[in-house]
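Quick note, the sequences are listed as chains A and B, same order.
Counting with numbering that gives the first Met the number 0, you get residues 0 to 841 for the letters of the first sequence.
Counting with numbering that gives the first Met the number 0, you get residues 0 to 136 for the letters of the second sequence.
Because the hints were derived from the structure by calculation, they are not lab data.
Just so you know, not all the hints are guaranteed correct.
Some chain B residues flagged as far from chain A (calculated, every beta-carbon gap over 12 angstroms) [stated by the list, open to error]:
(1) V69
(2) L70
(3) M72
(4) V73
(5) W80
(6) R84
If you want a taste of the chain A side facing chain B, the calculated C-beta under 7 angstroms gives, among others [said to hold, decoys possible]:
(7) L55
(8) G58
(9) G295
(10) A335
(11) T538
Note that the structure is predicted; figures quoted are calculated from it, not measured.
Using N, Cα and C, we set each Cβ at its ideal position, and we do this for glycine too.
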Amino acid sequence: MNADEFSDASGDDRLDASAKRLLDAWRTPTRWRYWSAVNNSEVGLWYVVASFTFFLFGGILALLMRIQLAIPDNDFLTADQYNQIFTMHGSVMMFLFAVPILEAISILLLPEMLGARDLPFPRLSAYGFWCFVIGGVFVCGSIFFGVAPEGGWFMYPPMTTEYQTGVGVDIWLLGLSFIEVASIAAAVELIVGVLKCRPPGMQLNLIPLYAWYILVVAVMILFAFPPLIAGDLLMELQRSLDWPFFDASRGGDPMLWQHLFWIFGHPEVYIVFLPSIALIAMIVPTFARTPMVGYGWIVLAAVGTGFLSFGLWVHHMFTTGLPAISIGIFSAASQAVAIPTGIQLFCFIATLLIGRVTKSVCLLFTLGGLATFIIGGLTGVMVAVAPFDYQAHDTYFIVGHLHYVLIGGTIFPIVAGVYYYYPAVTGKQLSERLGRYAFWSMLIGFNVSFFPMHLSGLLGMPRRVYTYPAELEVMTLNLISTVGAFVLAIGFVIFLFDVLRSKKNQPLAPRNVWNAGTLEWLAEVPDKPWGVRSIPIVTSRYPLWDQEGFVEDVDAGHFYLPDAEEGLRETLVTSVVDAEPIQCLRVPGPTFLTHFAAIFTGGVFILSTYHWYSAAAISGLFAFITILTWLWTGTAWIPEKQDKDVGRGVTLPIYVSGSKAVGWWAMFITMLGDMTAFISLVFGYFFYWTTHDDFPPDGSTGPGWIWPAVALLMIAIGYVATLAARKWNRQNHAAGFYAAIVCGVVCSLGGAAAVLYGPFTHHMDPTAHVYPAIVWVLTGWTALHVVLGVVMHVYCAARRAAGRMTARCDADIVNVTLYWHFLLLTTAITCLVIAGFPMVAR
Amino acid sequence: MTETSERSGVYSGVNGNDHGSAIWWIVAAPSVWAAHFLASYLTAAIFCAKFADSDRSAGEVQMAVMAYTVLAMVILAGVGWVGYRRHQSGHDGGPHDGDTRADQRRLVGLSTFLLSCLSAVATVFTALVLYFVGTCH
Ligand code: HEM
Ligand SMILES: [Cu+2]
Numbered sequence: 000m001n002a003d004e005f006s007d008a009s010g011d012d013r014l015d016a017s018a019k020r021l022l023d024a025w026r027t028p029t030r031w032r033y034w035s036a037v038n039n040s041e042v043g044l045w046y047v048v049a050s051f052t053f054f055l056f057g058g059i060l061a062l063l064m065r066i067q068l069a070i071p072d073n074d075f076l077t078a079d080q081y082n083q084i085f086t087m088h089g090s091v092m093m094f095l096f097a098v099p100i101l102e103a104i105s106i107l108l109l110p111e112m113l114g115a116r117d118l119p120f121p122r123l124s125a126y127g128f129w130c131f132v133i134g135g136v137f138v139c140g141s142i143f144f145g146v147a148p149e150g151g152w153f154m155y156p157p158m159t160t161e162y163q164t165g166v167g168v169d170i171w172l173l174g175l176s177f178i179e180v181a182s183i184a185a186a187v188e189l190i191v192g193v194l195k196c197r198p199p200g201m202q203l204n205l206i207p208l209y210a211w212y213i214l215v216v217a218v219m220i221l222f223a224f225p226p227l228i229a230g231d232l233l234m235e236l237q238r239s240l241d242w243p244f245f246d247a248s249r250g251g252d253p254m255l256w257q258h259l260f261w262i263f264g265h266p267e268v269y270i271v272f273l274p275s276i277a278l279i280a281m282i283v284p285t286f287a288r289t290p291m292v293g294y295g296w297i298v299l300a301a302v303g304t305g306f307l308s309f310g311l312w313v314h315h316m317f318t319t320g321l322p323a324i325s326i327g328i329f330s331a332a333s334q335a336v337a338i339p340t341g342i343q344l345f346c347f348i349a350t351l352l353i354g355r356v357t358k359s360v361c362l363l364f365t366l367g368g369l370a371t372f373i374i375g376g377l378t379g380v381m382v383a384v385a386p387f388d389y390q391a392h393d394t395y396f397i398v399g400h401l402h403y404v405l406i407g408g409t410i411f412p413i414v415a416g417v418y419y420y421y422p423a424v425t426g427k428q429l430s431e432r433l434g435r436y437a438f439w440s441m442l443i444g445f446n447v448s449f450f451p452m453h454l455s456g457l458l459g460m461p462r463r464v465y466t467y468p469a470e471l472e473v474m475t476l477n478l479i480s481t482v483g484a485f486v487l488a489i490g491f492v493i494f495l496f497d498v499l500r501s502k503k504n505q506p507l508a509p510r511n512v513w514n515a516g517t518l519e520w521l522a523e524v525p526d527k528p529w530g531v532r533s534i535p536i537v538t539s540r541y542p543l544w545d546q547e548g549f550v551e552d553v554d555a556g557h558f559y560l561p562d563a564e565e566g567l568r569e570t571l572v573t574s575v576v577d578a579e580p581i582q583c584l585r586v587p588g589p590t591f592l593t594h595f596a597a598i599f600t601g602g603v604f605i606l607s608t609y610h611w612y613s614a615a616a617i618s619g620l621f622a623f624i625t626i627l628t629w630l631w632t633g634t635a636w637i638p639e640k641q642d643k644d645v646g647r648g649v650t651l652p653i654y655v656s657g658s659k660a661v662g663w664w665a666m667f668i669t670m671l672g673d674m675t676a677f678i679s680l681v682f683g684y685f686f687y688w689t690t691h692d693d694f695p696p697d698g699s700t701g702p703g704w705i706w707p708a709v710a711l712l713m714i715a716i717g718y719v720a721t722l723a724a725r726k727w728n729r730q731n732h733a734a735g736f737y738a739a740i741v742c743g744v745v746c747s748l749g750g751a752a753a754v755l756y757g758p759f760t761h762h763m764d765p766t767a768h769v770y771p772a773i774v775w776v777l778t779g780w781t782a783l784h785v786v787l788g789v790v791m792h793v794y795c796a797a798r799r800a801a802g803r804m805t806a807r808c809d810a811d812i813v814n815v816t817l818y819w820h821f822l823l824l825t826t827a828i829t830c831l832v833i834a835g836f837p838m839v840a841r
Numbered sequence: 000m001t002e003t004s005e006r007s008g009v010y011s012g013v014n015g016n017d018h019g020s021a022i023w024w025i026v027a028a029p030s031v032w033a034a035h036f037l038a039s040y041l042t043a044a045i046f047c048a049k050f051a052d053s054d055r056s057a058g059e060v061q062m063a064v065m066a067y068t069v070l071a072m073v074i075l076a077g078v079g080w081v082g083y084r085r086h087q088s089g090h091d092g093g094p095h096d097g098d099t100r101a102d103q104r105r106l107v108g109l110s111t112f113l114l115s116c117l118s119a120v121a122t123v124f125t126a127l128v129l130y131f132v133g134t135c136h
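Model the full assembly from the supplied sequences, consistent with the hints where possible.
Okay, here's the thing in structure tokens:
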């Protein structure tokens, strides 16, 4: 889809005045300015294309591996190259394809499914997207210079701390951390989107299943990625500053990495799998021509899987000599998670059985995916049984199992989703005939490729080795696998050809081609950039099926916000549970600020990889300034009037603050993720205590209790000052407000200094032992957050001085106060742990 | 304020009384499982690392986990009961896909109830492991 398709005025003259104003407000920029778009339909589309590009890259790496493994003692690749390639294959597939594609599809489609004009923070999505592109290109690029990481996608130390001195591991750690931050940004966006941007009337029992799944998945991202980021931070500190977190000779422990990695890593499997299931949950009712059976059960399955999947991390560590009890506990959770997974599969099958199924390629891919996934699930239950895992661990059996789950559970449903949603996005249909060829080629190729891997694994072929001797007798199996991989690849080529081929001469697809029941099918053909003509009232799960005259009413502008009198982009915000309209939210339009912010943020990570720290710091400064500019100019605008008539006699406020506002939710959710990272670091502290007989070690001079106590006191004063500032601002007591801010700034900075002064004055040397190192990490983390809190103080003062924050329009200080609640908690935990624990442990 | 009963679609515009607690009921039961799980794991890990005797038996852990389990099951039963009651309230047997508040309440009740069953099963799984595996080896 290109820019002109939107801007071309075909049919514009038939529109009435209000529709024209609406169209103007939402018009996509043209020519080179096209790239400044932030609307979900553009950013979402770019995101999808970029993720698929990375998928192709990962796929090509996979083919290279298969060529190398086709015959024994092959020398197509060297050991070194092979190591880089399988590491990159795993990392690209997991971090640059599987997670981003789900966010991409959701950014593209979620607002449409909710009948919203856009997500609440379009610029945040755009920023996340550009970060993703920059980081992804950087990480992938490393392989062309032969400096890619070699540790496997889980980067176990000490392999990655001591034996790899090149920049490869740094590229992995920093490049992927950067992308993870972008993923979290998207998660925040999606959570707030589902909770606050539903159409009026869409209460909890009417939410489309896709949105339920995405809500669960986004929350999982929020709790799963931060531990990994904490781990990345520790490993990068070890690599660049020699702080011995994973170095056993100085009290560190490589096992900590494994814990942090797998607390992320297992939920990750479900993070990539559930959104694909979510697509299936949209496709199945449409082709069965009947509502989904067991809605409540599917909600149960989504929420239940989300929780249970966090109880599985240790099953990847069965062979590391943990206590039998711990292993048992995790084995149990691994079995339990099969229950909700089974339940949702039953619901899908039941729906297909009771419905009148219409055949289509889309359904073929859905069924093929489900079947493949079930086989993978069965071998998964096998490896979750600890004794079996001792046998299969690190063999090709695992590679076989994992691809059945990942390709069956994610790739096939995503391809089904592309077939399904292609007409909604582009207005043209994909070919059913080519689709069938693609499907059979993929399904057959996939099984031919991956089924033999189970056998070669059982025959003893280890994974992650670049070749194998002819005596192992797995040559035929490997040759079959390689042939299968190419058949699979041909299937993808057919699919891609169909997606990309020019469809100029093909007629437009009819509106709602599949005769589906959910809101995203309101999209006109060709689509208009406004999302929906008017934001509907929803009284059913399948409004297009059940609500009479629905499409006509929407198109005639009979519902909410059919106009843009002020020429601004607006969408409705509703309450979390009952979805009652509470705000008319103005969302920002196109900008290049997000690009600059992404480039400078990327600079921090990329330059640090090469240890160019001063350049990185400058880049960081620019990122900081850009982001402040963005916040200053683009958020919490004071509207020209308080309320606005949104249609149907409803008048809503334009500006709200506190827990009704989307910004408040974004802050709250972000801080949950931030706390999770912090708790992971605290976990590290106690982890060292459990694995060492002497922790804190004898003779270590701790940070003492005086300075931590002083720090806690001063930061608590800073907190109280923040509360006072919020209150006095609301009472329009300017002097009090500024005084409170000054007091807050001074005391907090003092507190930050005090928390660092504790370890400093006791000469704790972070390179000597892990104990001082972890204390420094906790104090440093806290101090950094305090400084950020102070920046927020200053920002609020400046906002008020500039008249951009008033007694009534006080979202800035309200959100900053929310940040400070979390900050106080962080400080209290840090001080109690570093000062209090050494006293009880002695 | 806007307790729109049957057939909604009428909004006063000024409101905000949300049935805010509804969503927390859904996550209540799995949270109990999570707490039980974490407590069991941490007790076992810390005990085995710090306090196990020479024969590495973990009798104390078994006792502790038994206690956690009883507590967790009581809470889960409570949550499940609330969910069940809500699900049944004014039950008409149909799927809860209407737009009334009562439908929403029944659906949330159903999910709460089902989730407490699932959490109970998962909790029992954890407890059984402790029952059968009594050592730190
Ligand atoms: C398109 C066809 C694919 C082929 C032919 C393929 C092939 C392979 C092979 C041969 C390995 C084993 C490397 C080794 O242990 O020596 C591997 C590992 C892996 N693959 Fe794939 N793969 C494909 C698609 C995918 C997809 C779609 C994903 C994820 C969404 C994925 C994720 C992984 C992961 C995580 C590993 C483990 C890497 C490691 O050991 O660090 N693969 N793949
Ligand atoms: Cu796992």
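Here is how each hint holds up against the structure:
1. With a least CB separation of 17 angstroms from chain A, B/V69 remains clear of the 12 angstroms interface cut-off, as annotated.
2. Its beta-carbon lying about 17 angstroms from the closest one in chain A, B/L70 satisfies the requirement of being farther than 12 angstroms from that chain.
3. Interface exclusion of B/M72 from chain A stands, the closest Cβ pair being 15 angstroms apart, more than 12 angstroms.
4. Chain A leaves B/V73 outside its interface by the beta-carbon criterion, the shortest separation being 19 angstroms against a cut-off of 12 angstroms.
5. Its beta-carbon lying about 17 angstroms from the closest one in chain A, B/W80 satisfies the requirement of being farther than 12 angstroms from that chain.
6. Even its closest Cβ contact with chain A, about 15 angstroms, leaves B/R84 beyond 12 angstroms, as expected for a residue assigned away from the interface.
7. Evaluation of the A/L55 hint against chain B yields a violated restraint, the C-beta minimum of about 38 angstroms exceeding 7 angstroms.
8. With 7 angstroms as the threshold, the beta carbon of A/G58 stays out of range of chain B, its nearest partner Cβ sitting at about 36 angstroms, so the hint is violated.
9. The beta carbon of A/G295 is positioned within 7 angstroms of a beta carbon in chain B (closest approach about 4 angstroms), and the interface hint is therefore held.
10. Using the Cβ-Cβ criterion of 7 angstroms, the hint placing A/A335 at the interface with chain B is satisfied: the shortest such distance is roughly 4 angstroms.
11. Satisfaction of the interface hint for A/T538 is found here, the shortest Cβ-Cβ separation to chain B being roughly 4 angstroms, below the 7 angstroms cut-off.
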